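Q: The lines below spell out each chain.
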Amino acid sequence: GQQLNQNPQSMFIQEGEDVSMNCTSSSIFNTWLWYKQDPGEGPVLLIALYKAGELTSNGRLTAQFGITRKDSFLNISASIPSDVGIYFCAGLNTGTASKLTFGTGTRLQVML
Amino acid sequence: GAGVSQSPSNKVTEKGKDVELRCDPISGHTALYWYRQRLGQGLEFLIYFQGNSAPDKSGLPSDRFSAERTGESVSTLTIQRTQQEDSAVYLCASSSGQLAGGPFPHEQYFGPGTRLTVT
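Residue numbers (my numbering), protein chains in the order written: chain A, 12 to 123; chain B, -3 to 115.
Only chain B is shown next, with the shape it has when bound in the complex:
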């Protein structure tokens, strides 16, 4: 498809279990971002990838959170030993990125999100 896709769209898990969330960015976009959105709130930055390196991990809330990216495509956000406060919508975005050139490298396009519920 032409846009950012994420899977699963919904995930319900028990406290203490690990979860993996997947993001497929727009083809050709070198930059990829993960954000978290708690109910009724704005988006909080988690991590940024340029290619498959992560120059900014400053938003990851704890060492239970990690993310990987394969080349300039799919990224996986992993949350280990989930807690109830991890319940949120996790959004992925991509942009063409500065290194790719082009007129609007920083405009980020979002996927539909994964709604995570920890019971």
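This is chain A alone, in the form it adopts within the complex:
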């Protein structure tokens, strides 16, 4: 099935640095969700975006719903060790089907 492209695939950063990642699709979605997955766990919902152009924050996380509805961005400010994990974007078209189409994931590792 379709998977959304996420960039970068992985990143090593220093504690305290800001992080940016993006997700792109060949088709339009009307909802974007960002999840974080720790080893051996299911994904945990971080942020949900419902309107093109919307910018939403959750603590140190900020996500944007691209104006074309084909992309989304996630920023993490002042990274800390517990930010380590895999971040997945997911697109959803609520009008036709409720299944999430997931991105390929961005693996984040934080160096102390």
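Rather than coming from a laboratory, the hints here were simulated on the basis of the structure.
Remember, it's a predicted structure, so these values are computed and weren't measured experimentally.
Possibly wrong hints are sitting among the right ones.
The following residues of chain A were derived to be distant from chain B, with all beta-carbon distances above 12 Å [to be verified]:
1) Ser31
2) Pro92
3) Lys110
Label-pair restraints from in silico Cβ distances [what the hints assert, rightly or not]:
4) A:Gln14 <-> B:Ser3: 19 to 29 Å
5) B:Gln37 <-> A:Val55: 14 to 24 Å
6) A:Glu28 <-> B:Ser49: 44 to 54 Å
Where is the CB? At the ideal position from N, CA and C, for every residue including glycine.
We have chain A; now place chain B onto it with these hints.
A: Okay, now just chain B, sitting in the frame of chain A:
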């Protein structure tokens, strides 16, 4: 509990055997989803339930895969005659669903998954 639960957490089976994976959604959530995650990859949609009907089965990879749901609660994913390529983590998610109303009906909450290994 308050979250989605799945059992077993790990399952090792021999090729050719049948397996059943169980999901208990969040109480009151009408929508339930099954996804598969192969090692190092993202999640692939398998099937979606609204109540106990399955309007979208498009992700089931073959007729060896089937799923049932009892009312608006437990769901079972069954894989018959397992193959080595079925080895993956199987994740279940639930959401309150459009029919239930509420502000965020489409936000899906995931269980911890069942890690299936076919030897």
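Q: None of the hints should be skipped; say for each whether it holds.
A: We went through each hint and held it up to the structure:
Here Ser31 (chain A) stays apart from chain B, with its beta-carbon at least about 19 Å from theirs, past the 12 Å limit. At the 12 Å boundary, the C-beta of Pro92 (chain A) stays outside the reach of chain B, the nearest C-beta of that chain being 22 Å off. Its beta-carbon lying about 4 Å from the closest one in chain B, Lys110 (chain A) breaks the requirement of being farther than 12 Å from that chain. Taken as a hint, the range 19 to 29 Å holds for the pair Gln14 (chain A) and Ser3 (chain B), whose Cβ atoms sit roughly 28 Å apart.
About 18 Å separates the C-beta atoms of Gln37 (chain B) and Val55 (chain A), a value consistent with the hinted range of 14 to 24 Å. Separation of Glu28 (chain A) from Ser49 (chain B) is about 48 Å and conforms to the stated range, judged on CB atoms against 44 to 54 Å.
When held up to the earlier numbered hints, the structure conflicts with hint 3 and nothing else.
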